[in-house]
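Using the hints, position chain B against chain A.
Chains as they are written, first to last, in numbering that gives the first Met the number 0: chain A, 0 to 253; chain B, 0 to 253.
Because the hints were derived from the structure by calculation, they are not lab data. If a hint is listed, it holds; no wrong ones were tucked in.
These stretches of chain A come out as covered by chain B in the derived footprint (C-beta under 8 Å, 3 or more residues):
1. 12–23
2. 72–85
3. 91–101
4. 116–128
5. 238–246
From a predicted model like this one, the values you see are computed outputs, not experimental measurements. C-beta: ideal position from N, C-alpha, C; glycine also.
Protein chains: 2
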Amino acid sequence: MSGRLAIVGLGPGDVRYLTPQASEALAAAQALYGYGPYLDRVPARPGQARYASDNREERDRAAAALKAAAEGATVAIVSGGDPGVFAMAAAACEAIEAGPERYRTLDVEVVPGVTAMLAVAARIGAPLGHDFCALSLSDNLKPWDLIERRLDAAASAGFVIALYNPVSRARPWQFGYALERLRRHLPPATPVVFGRAVGRPDEHIDVVMLERAVTAQVDMATLVIVGSRETRVIQRPGRVPLVYTPRTAATVSA
Amino acid sequence: MSGRLAIVGLGPGDVRYLTPQASEALAAAQALYGYGPYLDRVPARPGQARYASDNREERDRAAAALKAAAEGATVAIVSGGDPGVFAMAAAACEAIEAGPERYRTLDVEVVPGVTAMLAVAARIGAPLGHDFCALSLSDNLKPWDLIERRLDAAASAGFVIALYNPVSRARPWQFGYALERLRRHLPPATPVVFGRAVGRPDEHIDVVMLERAVTAQVDMATLVIVGSRETRVIQRPGRVPLVYTPRTAATVSA
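Excised from the complex, chain A in its bound form:
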């Protein structure tokens, strides 16, 4: 008897982003595991158990789901956005590697979703239209000097930069420090996109120049995209501007 574990990406907050593949995986599960607010997005289904846990309990959540799957159940771990981007898929792999041998015989399926940077980018044009990177500003699991080194590398080489986890109650200064670091490499007028709660009723998108970006513009639900030297802003009468990075790039001016 071998169980099944699906790790399912819901996409951003709106059901219009949920893929049919994700809907199927959620429907097939006997039990769902996830951070409470993500579970709340999944419609109730008779007979399906739900185990909500806190945001910081990824490892325990993965372990509980794996244990149930190893006992023969079909279970799903629910993740916001894409489970493979700063989310539950890596936590589940860590738990599989650290767990008993039988975890390696389970049927494991990762169901991708629209990750926050793609949703924010779509709302404002095409800021990720050329080479880009995704970087978590959380220094809970890596040292801050490594984050600064990556900001330096990405900005100086001309990557557009999507910043996940810009701030939290326990990490109030990191985003400000990151902005200072980026200003060493990028012109003051570089476009910065703030996308908050995309796909939800309280969605808010804002574009400012790097020299005017401040920490007060971010919270835990914000995804930030910092342009490169090539990123452009198209002003539009009566509409939010379009921000895009052209497909052409001449060279890097360092």
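Okay, now just chain B, sitting in the frame of chain A:
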């Protein structure tokens, strides 16, 4: 009278990746514009016109769709994966910026989708579980030395690297050169994931060590993910291995 333009991401080749938002946008369009093989994936709809064009004609395709929208039509440009990642959204923005003022008054909506790197990552575990970048190896629109500089920056700073457009008939040597460049920074045993045609019947996924990666493993439908020093492989009896990058990172060993 003001028309509407949607730029719609289909996700990878299977309809199970197509979001409800994308389905709605496709259904609402009076005319679809796109690369032939992408248009072929969209079910026919009575009264809906289709304009197929070649892979290389992004700018002309965007211009034609914008012209129709400016004349009052509701049109959609169809894109594989996510339209914002090395695809049609940036081309449309370029055409809007270069076009007549009335293009800036149009209702433009970019509909995100599951881009290839997310689909490939999901099929093999969570190789993008930590900081990563997306880089096109095409030197049609940027010089090769810039690509090499970005490979150097990303690999030495510890980003996992997703390589789009690794090869084409007109670009036979670029992927081999990129591998050589990456070997300067990364250990021989670094995992490299080759994902071909994910979500299609001819899907093929392979994992090799960087020292064994060769150009013969890629074609135009292949997305490559090169791990970082932290990326791990979990062998599983009778199954493809899981490849993942842990959420923790100690430091960069350069």
